[in-house]
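Novice: Following the hints, put chain B in place on chain C, whose structure we already have.
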Amino acid sequence: MSNKLIHFFNLTGLTWFIPFIKIAAGENPARQVRELWLIAGVPIIAFILFLGLWSFSASKVNTSLGAIPGPVAVWQEIGGLVKAHYAERQKEAAFYQRQQARNEKLLAENPDEPVKTRAYTGKPTYLDQIFTSLGTVFTGFVIATLAAIPLGILCGMSPVFNTALNPLIQIFKPVSPLAWLPIVTLIVSSVYVTTDDSWFEKSFLTSAITVTLCSLWPTLINTAVGVSSVDQDLINVGKVLRLDWRTQIRKIILPSALPYIFTGMRLSLGVGWMVLIAAEMLAQNPGLGKFVWDEFQNGSSNSLSRIMVAVFTIGIIGFMLDRIMQSLQKVFSFGQTR
Amino acid sequence: MKIINMFTAKKLWLAASVLTISTNLAAAGKLEKEDLKFGFIKLTDMAPLAVAYEKGFFEDEGLYVQLEAQANWKVVLDRVISGELDGSHMLAPAPLGASIGFGTKADIVTAFSMGFNGNAITVSNDIWKQMKPNVPVADGKLIRPIKADALKPVVDKYKSQGKPFNMAMTFPVGSHNLKLRYWLAAGGIKPGYYEPPQDISGQIDAEAMLSVTPPPQMPATLEAGTIYGYCVGEPWNQQAVFKGIGVPVITDEELWKNTPEKVFGVTQAWADKYPNTHKAVIKALIRAAIWLDEDNNKNRQEAIKILSQTQYVGADKEVLANSMTGTFEYEKGDKRPLPDFNTFFRNSASYPSYDSAVWYLTQMRRWGQINEYKPDSWYLETARKVYRPDIYLAAAKELIAEGKAKAGDFPADTGLKPAQDFFIDKVAFDAGKPNDYLAKFPIGLKGKQKIVGGKITE
Chain C
1 MSNKLIHFFN
11 LTGLTWFIPF
21 IKIAAGENPA
31 RQVRELWLIA
41 GVPIIAFILF
51 LGLWSFSASK
61 VNTSLGAIPG
71 PVAVWQEIGG
81 LVKAHYAERQ
91 KEAAFYQRQQ
101 ARNEKLLAEN
111 PDEPVKTRAY
121 TGKPTYLDQI
131 FTSLGTVFTG
141 FVIATLAAIP
151 LGILCGMSPV
161 FNTALNPLIQ
171 IFKPVSPLAW
181 LPIVTLIVSS
191 VYVTTDDSWF
201 EKSFLTSAIT
211 VTLCSLWPTL
221 INTAVGVSSV
231 DQDLINVGKV
241 LRLDWRTQIR
251 KIILPSALPY
261 IFTGMRLSLG
271 VGWMVLIAAE
281 MLAQNPGLGK
291 FVWDEFQNGS
301 SNSLSRIMVA
311 VFTIGIIGFM
321 LDRIMQSLQK
331 VFSFGQTR
Chain B
1 MKIINMFTAK
11 KLWLAASVLT
21 ISTNLAAAGK
31 LEKEDLKFGF
41 IKLTDMAPLA
51 VAYEKGFFED
61 EGLYVQLEAQ
71 ANWKVVLDRV
81 ISGELDGSHM
91 LAPAPLGASI
101 GFGTKADIVT
111 AFSMGFNGNA
121 ITVSNDIWKQ
131 MKPNVPVADG
141 KLIRPIKADA
151 LKPVVDKYKS
161 QGKPFNMAMT
171 FPVGSHNLKL
181 RYWLAAGGIK
191 PGYYEPPQDI
201 SGQIDAEAML
211 SVTPPPQMPA
221 TLEAGTIYGY
231 CVGEPWNQQA
241 VFKGIGVPVI
251 TDEELWKNTP
261 EKVFGVTQAW
271 ADKYPNTHKA
281 VIKALIRAAI
291 WLDEDNNKNR
301 QEAIKILSQT
311 QYVGADKEVL
321 ANSMTGTFEY
331 EKGDKRPLPD
341 FNTFFRNSAS
351 YPSYDSAVWY
361 LTQMRRWGQI
371 NEYKPDSWYL
381 ETARKVYRPD
391 IYLAAAKELI
401 AEGKAKAGDF
411 PADTGLKPAQ
421 DFFIDKVAFD
431 AGKPNDYLAK
441 FPIGLKGKQK
451 IVGGKITE
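Just so you know, the protein sequences line up as chains C and B, in that order. Sequential numbering of the first sequence, starting at 1, is according to my numbering. Sequential numbering of the second sequence, starting at 1, is according to my numbering.
Please note that a few of the clues may not be correct.
[Said to hold, decoys possible] Label-pair ranges, simulated between beta-carbon atoms:
| id | chain 1 | residue 1 | chain 2 | residue 2 | range |
| --- | --- | --- | --- | --- | --- |
| 1 | C | 91 | B | 335 | 46 to 54 Å |
| 2 | B | 30 | C | 200 | 26 to 34 Å |
| 3 | C | 14 | B | 327 | 54 to 62 Å |
| 4 | C | 200 | B | 32 | 19 to 27 Å |
| 5 | B | 268 | C | 200 | 41 to 49 Å |
| 6 | C | 61 | B | 163 | 23 to 31 Å |
| 7 | B | 142 | C | 49 | 32 to 40 Å |
| 8 | B | 302 | C | 317 | 53 to 61 Å |
| 9 | C | 72 | B | 333 | 30 to 38 Å |
| 10 | B | 335 | C | 200 | 21 to 29 Å |
| 11 | B | 226 | C | 179 | 18 to 26 Å |
Honestly, the hints are just simulated from the structure, not real lab data. Keep in mind that this is a model prediction, so the values were computed, not measured. All C-beta atoms in this analysis are idealised placements derived from N, C-alpha and C, irrespective of residue type, glycine included.
Only chain C is shown next, with the shape it has when bound in the complex:
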């Protein structure tokens, strides 16, 4: 039981809990406490030191929006944002009520009136922006993965294909999202025609595709490396057994390359998250990036603390995304860690 738990916590990266389980299982408590001190105590103290340093130095820097907010001000701002979220929800409920009343009136006047219920037109709250950003980054990431893995496998299996694609990869890999954005925006606006019932907003597509273009490369390169470094013996066995190429990919290449692919995807998701915020800021597309930009432009006395809340949110979400990918990677690594 305890071994299973330890394995689980190791997989998910929640190593803080392992010493407690070991103590519970009756192992030497002194050693476990030392262990706990190392993996939990030290980082906590470091973080407290960081907060202290921040709080001390923040009050020393005066910007045109007032002093830089310290940890307390930022913490209070979180409360303000949550309150704003609930206030907006109340306004939303009132909006739906008014709309319903209006639709009922229209139907009473004319039963054939094509009434429709439309989404709330008010502003998205901070929490809404977080979910918008998460949705966008996943869409971009999934498209990137779907494109990069097959291409990566092709590159890994065929040296000719690899040499053909290599220059393109090298050129496009370092391109910043800010350079892709205008191109993507122009292409999406001219190719994608929206109507009232369109599934996606143009801005959503622009952000997602920009994320795709920037987060494609780590998965692609890692997949190619993973596939090309599959043990030659395994490939030879496949040849002896005369497996057709599809079975070969499924039974031999993919399982051995999987740890590499996951490393690539983990890197890709990290890049994607970073790129997304920049893309949202520049293109004013909904999400956390727009929140930051709007607050920068507002220039109110709360703006700086709000931006800092966003910075921490972006960091924590990025960290969690990475942890999730890391856990997946460990699951698929069959015991090897890379």
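Specialist: Showing chain B alone in chain C's frame:
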């Protein structure tokens, strides 16, 4: 067919006519599109949009509107043209610029002026210190309005040292650009010419170099020292006072009394496709404008509360209140009454008049954005294509019929006003004679003059 009894025939005719009238009415009221998305820039003069949304005027007209802040005026124009936005808060000359093809070519129309005045010209503390000794004083107080004459020696000093004198505005075909140029030129400082399509930076033969900065970034850019001054709408001048980084020297109300500032623009195609929706939008906006100016600005405090929300302007209430309640703080502590600093309805502030369109066209011609001679008739024709008081008046008529507005508050006809000289340099403007008007300015293109290869040629 037998002979129909006259009586029945008459009744039939009556019934038929009643039927057609009622179907006509239904057709007139039918909205082609109910879900709309409008853009705006974080400036207090976007207030009619925020008020129409928050006070439910859009919903009263059956419209479900989403308002979305935009990054800069270029994005606004692009998104309206691409259809991502149904319409937007725009600089008054922007639809004119688009229709004649300066920068982006597109047919954009406006049937609603979003208000008069609301801008100021701000210089950095350092420039103000150098300028202040040149400003004439009476009774220990500076004589306002301050003319660019006071800035001229400063610019000359920079010029003699070989340093460029940088200032910022918000968009080439924008009211801030043209007003800043007007003020500079009235004080003898050359703001530079355009030579489209080769040169659209507008710095040919310039003593003050004007560049583009989005409104909310003005204070930060001034603070960074990249520019020495700017012309922008509120709250970004009062923000500079609050932050202690700059001093507004003149408001646009003093530059030209009741100057048209922003408009609500849509594409010509949109207006043609959704005429009823368009009229409904204008109705809601007119009501918002009335609400904003009602009873001696009694609603302004509530308006400030609306505007201070993060999704609209988002600046602190006291910064917004400074200009929205009819006062203006020049230097810190020097707060003076300027009752008409932001007007939305009174004095026909919401009426899209041809005069304002023609004035902006003359200024675009003056600085070479329109780089060849145009006959007087061309100015009015262009204004008529872009500014649509007919739609405004149709909307006003419906509001009057519904008892939501008073007939006396609207101008009756769409003609031009007589010549007026409410300008800082007292040059009289007659919208019927644009070329004569241009000839009166010592600085600027006139007659058949043209910029060719960076030089003025006859």
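Novice: Now tell me if each hint is right for this structure.
Specialist: Consistency of the hints with the structure:
no.	hint	result
1	91/C <-> 335/B: 46 to 54 Å	35 Å, violated
2	30/B <-> 200/C: 26 to 34 Å	29 Å, holds
3	14/C <-> 327/B: 54 to 62 Å	59 Å, holds
4	200/C <-> 32/B: 19 to 27 Å	23 Å, holds
5	268/B <-> 200/C: 41 to 49 Å	27 Å, violated
6	61/C <-> 163/B: 23 to 31 Å	30 Å, holds
7	142/B <-> 49/C: 32 to 40 Å	53 Å, violated
8	302/B <-> 317/C: 53 to 61 Å	37 Å, violated
9	72/C <-> 333/B: 30 to 38 Å	32 Å, holds
10	335/B <-> 200/C: 21 to 29 Å	50 Å, violated
11	226/B <-> 179/C: 18 to 26 Å	23 Å, holds
Hints 1, 5, 7, 8, 10, counting from the list given before, are not met by this structure.
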